[in-house]
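Undergrad: Assemble chain B onto chain A, guided by the hints.
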Amino acid sequence: MSIQSGIPSPLKLRPRADDRPGQRSGAVLPNKMTARGVKVFYGAKQALKGIDLDIRENRVLALIGPSGCGKSTFLRCLNRMNDTIEGCRVEGQIALDGEDVYGKAVDAVQLRARVGMVFQKPNPFPKSIYDNVAYGPRIHGLASGRDELDEVVQTSLKRAGLWAEVKDRLREPGTSLSGGQQQRLCIARAIAVSPEVILMDEPCSALDPIATAHIEELIDELRANYTIVIVTHNMQQAARVSQRTAFFHLGEMVECDDTEEIFTNPRDERTQGYITGRYG
Amino acid sequence: MQLTLLALILALLTVIGFMIGRSRAAASVGGRVAELHSVPSYHGVYVALWAGLPALLLFVAWTASEGWLAMQLVLSALPERLTTGDGQSVALLKADILNLARGISTGREADPLVVGAARRYAALRDLAGWSLLAVGASLAVAGLAWGRHRIGPDLRARPAVERVVRVALVVCSLVAILTTVGIVLSLLFEALRFFSVVSPLDFLFGTHWSPQMAMRADQVGSSGSFGAIPLFAGTLLITVIAMAVAVPVGLMAAIYMSEYAGRGVRTWLKPALEILAGIPTVVYGFFAALTMAPFVRSVGEAVGLDVSSESALAAGIVMGVMIIPFVSSLSDDVINAVPQSLRDGSYGLGATKSETIKQVVLPAALPGIVAAVMLAVSRAIGETMIVTMASGLTANMTANPLQAVTTVTTQIATLLVGDQEFDSPKTLSAFGLGLVLFLVTLCLNMVALRVVRTYREKYD
Numbered sequence: 035m036s037i038q039s040g041i042p043s044p045l046k047l048r049p050r051a052d053d054r055p056g057q058r059s060g061a062v063l064p065n066k067m068t069a070r071g072v073k074v075f076y077g078a079k080q081a082l083k084g085i086d087l088d089i090r091e092n093r094v095l096a097l098i099g100p101s102g103c104g105k106s107t108f109l110r111c112l113n114r115m116n117d118t119i120e121g122c123r124v125e126g127q128i129a130l131d132g133e134d135v136y137g138k139a140v141d142a143v144q145l146r147a148r149v150g151m152v153f154q155k156p157n158p159f160p161k162s163i164y165d166n167v168a169y170g171p172r173i174h175g176l177a178s179g180r181d182e183l184d185e186v187v188q189t190s191l192k193r194a195g196l197w198a199e200v201k202d203r204l205r206e207p208g209t210s211l212s213g214g215q216q217q218r219l220c221i222a223r224a225i226a227v228s229p230e231v232i233l234m235d236e237p238c239s240a241l242d243p244i245a246t247a248h249i250e251e252l253i254d255e256l257r258a259n260y261t262i263v264i265v266t267h268n269m270q271q272a273a274r275v276s277q278r279t280a281f282f283h284l285g286e287m288v289e290c291d292d293t294e295e296i297f298t299n300p301r302d303e304r305t306q307g308y309i310t311g312r313y314g
Numbered sequence: 002m003q004l005t006l007l008a009l010i011l012a013l014l015t016v017i018g019f020m021i022g023r024s025r026a027a028a029s030v031g032g033r034v035a036e037l038h039s040v041p042s043y044h045g046v047y048v049a050l051w052a053g054l055p056a057l058l059l060f061v062a063w064t065a066s067e068g069w070l071a072m073q074l075v076l077s078a079l080p081e082r083l084t085t086g087d088g089q090s091v092a093l094l095k096a097d098i099l100n101l102a103r104g105i106s107t108g109r110e111a112d113p114l115v116v117g118a119a120r121r122y123a124a125l126r127d128l129a130g131w132s133l134l135a136v137g138a139s140l141a142v143a144g145l146a147w148g149r150h151r152i153g154p155d156l157r158a159r160p161a162v163e164r165v166v167r168v169a170l171v172v173c174s175l176v177a178i179l180t181t182v183g184i185v186l187s188l189l190f191e192a193l194r195f196f197s198v199v200s201p202l203d204f205l206f207g208t209h210w211s212p213q214m215a216m217r218a219d220q221v222g223s224s225g226s227f228g229a230i231p232l233f234a235g236t237l238l239i240t241v242i243a244m245a246v247a248v249p250v251g252l253m254a255a256i257y258m259s260e261y262a263g264r265g266v267r268t269w270l271k272p273a274l275e276i277l278a279g280i281p282t283v284v285y286g287f288f289a290a291l292t293m294a295p296f297v298r299s300v301g302e303a304v305g306l307d308v309s310s311e312s313a314l315a316a317g318i319v320m321g322v323m324i325i326p327f328v329s330s331l332s333d334d335v336i337n338a339v340p341q342s343l344r345d346g347s348y349g350l351g352a353t354k355s356e357t358i359k360q361v362v363l364p365a366a367l368p369g370i371v372a373a374v375m376l377a378v379s380r381a382i383g384e385t386m387i388v389t390m391a392s393g394l395t396a397n398m399t400a401n402p403l404q405a406v407t408t409v410t411t412q413i414a415t416l417l418v419g420d421q422e423f424d425s426p427k428t429l430s431a432f433g434l435g436l437v438l439f440l441v442t443l444c445l446n447m448v449a450l451r452v453v454r455t456y457r458e459k460y461d
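Note that the protein sequences, when read in sequence, are chains A and B. Under this note's numbering, think of the first position of the first sequence as 35, with each following residue one higher. Under this note's numbering, think of the first position of the second sequence as 2, with each following residue one higher.
All the given hints hold, so there is nothing to weed out.
Under 8 Å between C-beta atoms, here's a sample of chain B residues computed to sit facing chain A:
#	residue
1	Asp-345
2	Gly-349
3	Leu-350
4	Ala-352
5	Thr-353
6	Glu-356
7	Gln-360
8	Val-361
9	Ala-365
It should be emphasised that the hints constitute simulated quantities derived from the structure, not laboratory data. By construction, the Cβ of each residue, glycine as well, lies at the ideal position given by its N, Cα and C atoms.
Bound conformation, chain A alone:
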């Protein structure tokens, strides 16, 4: 594959008909997740100051904003990864398919199987490529028997666009892959548990442009089956891969709209300042 065809042009990824401004897609598409008045405190420090946000099904939502604005914190609220941080407190309501994820009946462990996560730095386990992908299905008992597991691993690696590169060396350690391959392995690993939502925390910030192009292309393909929320520092990336974009600033969500609208016609001057490069 040449580099040229590897990088999805903004043209190619132009928002589809149902996302065009004017035809408000919210009316058509159901909300997969909703956040209402989400506040997060790290000890005494408040990181998020009441976020209201809708995440639409089978769409890519990009969270942009300067460092420390709380976009990663918000992302980690969606699958309760903040639970593992000592001294972190979450207020407000986050719902997945209408059910409060912080409710008493919800187990954070089961929630994370439905809302998967891909991290900033590729973090393959110190296991073989196969075992990395099979890890989730094994712990959740998703595959009965060897053949079924092989099938899940193969499907996941194919969807992550990694199968052709690794099919002959599934027994090699996951850490032996290149950075971009490792990140696609982590995406395959997340896909293998069949989540409904995939959260990506700056998935390309540790990768070179070619690997980034691969991942971006992959994200666009994945949204057919998954709802995706991606945090990114790269505004071109947000413009290329997302249908909706939310701009965060100092723990507040300044505005959220269709991506084209945000980048061509931002309503808030802080958004304007950020996307035109005046700060951040």
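TA: Frame of chain A, contents of chain B only:
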């Protein structure tokens, strides 16, 4: 007396040299310090080194050779009938001269010739002391003057001082290495003496250990038997018991501390566990002999087992307790070194905490844990006191942990305790055992360090 005086003079001259050097350096550029090649304090150290170092080297060389030289002078003046003979009589003569010179009675009527020699020897030493003082002091003054003379704006004082410092660093590291080499060599030569009496094969593969030797030909008693297998077996048995206690407990404690305990608990739990490592092994020995051994015995009797009052089990358990902090503290460190991103990755897939620990954290930390365990093993093998006190000295060859066994280190200690003749195989066998012990722990430590190193390369 002269030495103290010389040391004082040298110290004083060094301090003076430093001050002279510093102020002269500043004066040489009229106070514009920036024009100097090096900062004034380097000039100070430069002069101080010139004042102190040559005199110090002279002092070392002088004291190393002075006694020998004086003795040679004295001996050469003595008639030949006294100084020729076998090595022992000459050594005795030298010892007499030394003792008489120090005013210690030799316990028998001394030959007037020897008394005269001793007096001459004492006089020579006294003279040598004063001349050392004179030469050393003048050398220091000369060095100071030379160093002071060299000072000027262009003197590269810093590189010179740094060269000296580097040499000093090299010498310090050499001291540590040479000491190790010396220990190994002394062990090796004594062991070779032992192996020239007892065949290494008998030693390594014999099954009967009874190092008592008959001192006289007509003495009733064993002739000595040096089959070390019972000792190796005893060491192995106790080590296995100790590790069976230390590894599970230490590892679980490490997992609790690093994964489950809050920061507050951790801050006092870890030091508290490490206190265990600070208890002297003799104290563990008390505990093993006075508490654990009777306890094991009474429990054994309650269930109808025959337990000897000194048992491998009691010693092994207490040794295991002693080693817990090694395993827990090192394992805790390696578990903490596993990147948080791996845990996050696992949690992000919906894994529970225990799944994450078992399937991601422990495999990632395994090389480090293995290294911790191996260091603990070499510690257990080298431990002496607990076994001496709690498991006794009987060289039983048994796999039964309820019987008394003995270990390599315990035997070494008992073989060398008290008055010993250093040419009997009984005493020398301690060096044979020591050599084996050294080689085994050396191998274990090398493997452990290698494992640790490969582990570090992976995540740092």
